[in-house]
Amino acid sequence: AQSVTQLDSQVPVFEEAPVELRCNYSSSVSVYLFWYVQYPNQGLQLLLKYLSGSTLVESINGFEAEFNKSQTSFHLRKPSVHISDTAEYFCAVSGSGGYQKVTFGTGTKLQVIP
Amino acid sequence: DTEVTQTPKHLVMGMTNKKSLKCEQHMGHRAMYWYKQKAKKPPELMFVYSYEKLSINESVPSRFSPECPNSSLLNLHLHALQPEDSALYLCASRQGSSGGNSYNEQFFGPGTRLTVL
Numbered sequence: 001a002q003s004v005t006q007l008d009s010q011v012p013v014f015e016e017a018p019v020e021l022r023c024n025y026s027s028s029v030s031v032y033l034f035w036y037v038q039y040p041n042q043g044l045q046l047l048l049k050y051l052s053g054s055t056l057v058e059s060i061n062g063f064e065a066e067f068n069k070s071q072t073s074f075h076l077r078k079p080s081v082h083i084s085d086t087a088e089y090f091c092a093v094s095g096s097g098g099y100q101k102v103t104f105g106t107g108t109k110l111q112v113i114p
Numbered sequence: 001d002t003e004v005t006q007t008p009k010h011l012v013m014g015m016t017n018k019k020s021l022k023c024e025q026h027m028g029h030r031a032m033y034w035y036k037q038k039a040k041k042p043p044e045l046m047f048v049y050s051y052e053k054l055s056i057n058e059s060v061p062s063r064f065s066p067e068c069p070n071s072s073l074l075n076l077h078l079h080a081l082q083p084e085d086s087a088l089y090l091c092a093s094r095q096g097s098s099g100g101n102s103y104n105e106q107f108f109g110p111g112t113r114l115t116v117l
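Those protein sequence lines, which keep their order, are chains A and B. Residue numbers for the first sequence follow our numbering, beginning at 1 and rising by one. Residue numbers for the second sequence follow our numbering, beginning at 1 and rising by one.
There may be inaccurate statements among the hints.
Unchecked claim - Result set (DSS-like, lysine-lysine): computed pairs, CA atoms no more than 25 Å apart in a straight line:
| # | chain 1 | residue 1 | chain 2 | residue 2 |
| --- | --- | --- | --- | --- |
| 1 | B | Lys53 | A | Lys78 |
| 2 | B | Lys40 | A | Lys101 |
| 3 | B | Lys9 | A | Lys109 |
| 4 | A | Lys109 | B | Lys38 |
| 5 | B | Lys53 | A | Lys109 |
| 6 | A | Lys49 | B | Lys41 |
| 7 | B | Lys9 | B | Lys41 |
| 8 | B | Lys53 | B | Lys40 |
| 9 | B | Lys41 | A | Lys101 |
| 10 | B | Lys22 | A | Lys101 |
| 11 | B | Lys18 | A | Lys101 |
| 12 | B | Lys53 | B | Lys18 |
| 13 | A | Lys109 | A | Lys49 |
| 14 | B | Lys53 | B | Lys41 |
| 15 | A | Lys78 | B | Lys41 |
| 16 | B | Lys38 | A | Lys101 |
| 17 | B | Lys18 | B | Lys38 |
| 18 | A | Lys109 | B | Lys40 |
| 19 | B | Lys9 | B | Lys22 |
| 20 | A | Lys69 | A | Lys49 |
| 21 | B | Lys38 | B | Lys9 |
| 22 | A | Lys49 | B | Lys18 |
| 23 | A | Lys101 | A | Lys69 |
Claimed, not checked - Beyond 12 Å from chain A on every Cβ pair, some chain B residues (computed):
| # | residue |
| --- | --- |
| 24 | Lys9 |
| 25 | Val12 |
| 26 | Phe64 |
| 27 | Ser65 |
| 28 | Pro69 |
| 29 | Leu73 |
| 30 | Gln106 |
| 31 | Gly111 |
| 32 | Thr112 |
| 33 | Leu117 |
Unchecked claim - Estimated spans, in silico, between C-beta atoms of each pair:
| # | chain 1 | residue 1 | chain 2 | residue 2 | range |
| --- | --- | --- | --- | --- | --- |
| 34 | A | Ile113 | B | Asn104 | 35 to 45 Å |
| 35 | A | Pro114 | B | Met27 | 36 to 46 Å |
| 36 | B | Thr16 | A | Val29 | 40 to 50 Å |
| 37 | A | Glu16 | B | Tyr51 | 40 to 50 Å |
| 38 | A | Asn61 | B | His77 | 49 to 59 Å |
| 39 | A | Asn41 | B | Glu84 | 18 to 28 Å |
| 40 | B | Arg63 | A | Ala17 | 38 to 48 Å |
Because the hints were derived from the structure by calculation, they are not lab data. Just so you know, even glycine gets a beta-carbon here, dropped at the ideal spot from N, CA and C.
When you get a sec, could you build the whole thing from the sequences and use the hints?
This is the structure in structure tokens:
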């Protein structure tokens with residue numbers, strides 16, 4: 001079984017300040033890890049993913065996440081947020097092989113304050 | 001074409017109505033998914049189709065009936081729904097299993113926002 005915990009339901013942060021959204025996972029097998037972003041009234045967009053290799057993964061819009069196996073974490077960071085980053089962020093885990101069922105965390109609402 | 005489309009965008013229905021949600025992709029993906037997302041909650045998996053066959057049903061009530069008429073289309077037929085079924089219904093597709101432990105990303109559609117009165 002696999003599960004994801006996002007400890008923070010809401011994170012308010014001032015524009016141009018750094019932010020970290022926390023994610024911890026548990027699984028008995030090797031996993032793939034993801035961050036999805038959902039803007040209001042829209043579907044999910046994949047922000048970044050960790051499959052293997054380098055533990056630091058980056059997105060095209062300045063977000064990065066680091067896979068830490070010993071701490072079973074995959075925290076999302078951005079050094080300077082913009083108003084347009086206001087959205088719901090979901091951490092997710094998927095097993096390898098089979099139907100690759102994705103299990104989502106409960107989400108973190110990032111509220112960027114001007 | 002690298003997107004998943006869903007119609008309608010919004011749907012309001014009564015508890016005695018019969019309606020259908022539609023999902024379409026032209027990426028050649030062979031796995032398709034239905035998720036249900038309640039407000040301020042994460043998406044929850046409902047069904048998985050793999051090569052047009054129903055592979056996973058996450059104990060979804062029979063008032064939801066999925067259908068995969070071909071490899072590009074996925075429908076969700078709705079009948080006798082309850083107000084608590086009001087939610088955003090998301091469709092996703094994936095290339096499909098190619099054996100081994102290779103991973104294929106799930107692509108999500110924009111969703112259909114369903115309101116049951």
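_The hint says 18 to 28 Å between Asn41 of chain A and Glu84 of chain B; measuring C-beta to C-beta, is that right?_
Holds, at about 20 Å.
*For the pair we were handed, Lys38 of chain B and Lys9 of chain B, check the Cα-Cα distance against 25 Å.*
Answer holds: Lys38 of chain B to Lys9 of chain B is near 16 Å, not above 25 Å.
*For the pair supplied as a hint, Lys40 of chain B and Lys101 of chain A, confirm whether the alpha-carbon distance does not exceed 25 Å.*
Answer holds: Lys40 of chain B to Lys101 of chain A is near 21 Å, not above 25 Å.
*asked:* 35 to 45 Å was suggested as the range; check whether the CB atoms of Ile113 of chain A and Asn104 of chain B agree with it.
replied: 38 Å, holds
*Going straight from one Cα to the other, do Lys38 of chain B and Lys101 of chain A come out at no more than 25 Å?*
19 Å, holds
*Assess, step by step, whether the Cα of Lys53 of chain B is no farther than 25 Å from the Cα of Lys78 of chain A, and give holds or violated.*
41 Å, violated
*asked:* Tell me if the beta carbons of Asn61 of chain A and His77 of chain B are separated by a distance inside 49 to 59 Å.
replied: 38 Å, violated
_Holds or violated: Lys53 of chain B to Lys41 of chain B, with C-alpha atoms at most 25 Å apart_ = 28 Å, violated
*Does the structure keep Lys22 of chain B and Lys101 of chain A at a Cα separation of 25 Å or less?*
The given pair, whose Cα atoms are some 21 Å apart, holds under the 25 Å limit.
*Beyond 12 Å from every chain A Cβ - status for Gln106 of chain B*: 6 Å, violated
_The hint says 40 to 50 Å between Thr16 of chain B and Val29 of chain A; measuring C-beta to C-beta, is that right?_
Once the Cβ atoms are compared, 45 Å apart, the range 40 to 50 Å for Val29 of chain A and Thr16 of chain B holds.
*Take a quick look at whether Lys53 of chain B and Lys109 of chain A sit within 25 Å of each other, Cα to Cα.*
It is violated: about 36 Å lies between the C-alpha atoms, which goes past 25 Å.
When each numbered hint is compared with the structure, violations occur for hints 1, 5, 8, 11, 14, 22, 24, 30, 31, 32 and 38.
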